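As given, the protein sequences belong to chains A and B, one line each in that order.
Under this note's numbering, the first residue of the first sequence is numbered -18, with each subsequent residue one higher.
Under this note's numbering, the first residue of the second sequence is numbered 13, with each subsequent residue one higher.
Source of the hints: derived by calculation from the structure; they are not laboratory data.
All figures in this text were calculated on a predicted structure; none of them were measured in a lab.
Please note that a few of the clues may not be correct.
Here are some chain A residues pointing at chain B (derived, C-beta under 10 Å) [what the hints assert, rightly or not]:
1. Leu(-16)
2. Ala96
3. Glu133
4. Ile150
Every residue gets a Cβ at the ideal spot worked out from N, C-alpha and C, and that includes glycine.
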Amino acid sequence: MNLWAVANQKGGVGKTTTAVILAGLLAERGARVVLVDLDPHASASAWLLPAAASCEGVAALFGGDGEMPEVACLLEPTVQPQLQILRATPALAAVERRLATQAGMGRVLANALGALPAVIDHVILDCPPTLGLLLVNALAAAERVIVPVQTEPLALEGLRRMQATLEMIGRSQGRVIDHWTVPTLYDQRTRAAREVLAQLRTEFADGLWPGVIPVDTRLRDASLAGELPSRFCPRSRALGVYRSLLAALLGERPRDAAVSWEEEHAEPIDEEVAA
Amino acid sequence: MTPGADHAAGDALQRYLDALLDPGSADTEYQLLRAGSVRVALAASAVAPEATGGDQAAQGARCWLDLASVLRGQPVTVASPVVAVPLAGVPGWGLSVEAQETLVQVADQAVTWRKQRGGRRWLAGLIEQFGAVVIDPAAVIEEAEGHGIQGAV
C-alpha cells in the first residue's frame, strides 16, 4: 500500500484537485484506492459524494462518543468502482480543537490506516491548509508528500513554511520525508507565473518535479459536475501532465525526467477566454 | 519578527510536534512493509534514519536483501532495490521490499510473540490488528549469511 499525502500550508494551490485526480487516475489503472479527505472544508467529499453524509467519516477515527470503528467500515463508494473515499464532515473541525494539544495524538491516522485491508493499493490524503493536528497526522502517516505549489509569488513563502514543517516532522520521527514539489495552475501567458517557475527551479530545486500543471478550466467543470476528471475530461491537457506526474511517482519514468516539450509549452486551455 | 524570536518560535513548534508524535512509553513504533504480498512489521528503530523509498542515490553501499525471498526461505540479493529500507546499526545491509506502508504504534501486548524459534528464526511474531508478521532483522541477516550472502563492506 502506497500512502501519499497532498499537502501545503497555503490554500488555493490545487491540493484537492491534485488528490482527486491522482486517486482517479490510479483507480482508472485498476488499482484499489482510498481517498481520505482531511480538510474540514470537505471539498473532495463534496466533489465525489452526495451532500448528505451517510457516516461520520474520518472524524470517527479520532474518537467520538463511542468506540473507534474499523476504518474499512467508514469507506464510501464513488462513481469509480475502484475508488473509495473516507469523507470529511464538519465534526473534523471539532477534532482539531479538541485534540490539538493532546500528546501522542499525531499518530492516530497512521494507526487507523495501517489496519486497512491488505487489498488496498494506494491511499491518498487530501490535507487541510493549516498546520494543526490533522495535517500533522497526515504527514506522520505518509510515506511520501506531494506539495502542489501555485506558480504565483505568494506561494513561495508557503512552500518555505511547508518544507520547514516537513523537516520538523521528519526530525520528530527520525526519518527523512520524501517530498515532491509540483508546480500547479501555471499560466505561461503571465510574466509572474514564468518568473515564479524560474525561481522554483533555481531556489527550490530539491524535490521539485520538472513538469508543470497548467491552468485548465475543464478541471473546474469536472468538480461542478461531481465527476472525476479522469472520466469527465480524460483528454484535457492538465490530465496529460498529471499522468506524467503519476508515472514518475510510481517509478515508471525517472523522477527528474523532463516532461515533453508539448506538455511544457502548449497554450493553456481556457475555454472562457477562448469563447 | 527578529531572528531570535523566529528561532524561539521554531523551537516551540518542534516541541509541539514532538509531543503530538510521542509514541508513549508503552508502545513500540513499527514500519509496515509489503514483501511478496505479505505485510511485514519492522521495528522503526531498526530502520536507518536516512532516505528510504526509491532514492537509491542516497542509500550508500549496501547489500540489498530481497525480503520476499527471505520469507520464501531462499534469500537473494538485488542490485537495485524496488523500495529501499536501509537497516540501522548494520551499515552493509538493507532490505528491498515491494512497498513501504505507514508507521504504526503497537502496544507490546498487542503482539503475539513467537515463543520458540525453530525454523524461520526471523519470524518474531504477529500483529493481528494490522495482519502483519513481525520480523527480527538480525535473524534476517543471519538467514542470509547462512546462504552465503555477505553484507557490503
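Going down the list of hints, with the structure as the test:
A least Cβ separation of about 5 Å between A/Leu(-16) and chain B falls short of the 10 Å threshold, and the interface hint therefore holds. A hinted interface residue such as A/Ala96 counts as satisfied when its beta carbon comes closer than 10 Å to some beta carbon of chain B; here the least separation is about 6 Å, so the hint holds. At its closest, the beta carbon of A/Glu133 sits 24 Å from a beta carbon of chain B; the interface hint therefore is violated under the 10 Å criterion. At about 6 Å, the closest approach between the beta carbon of A/Ile150 and any beta carbon in chain B falls short of 10 Å, and the interface hint on this residue holds.
Hint 3 alone, counting from the list given before, is not met by this structure.
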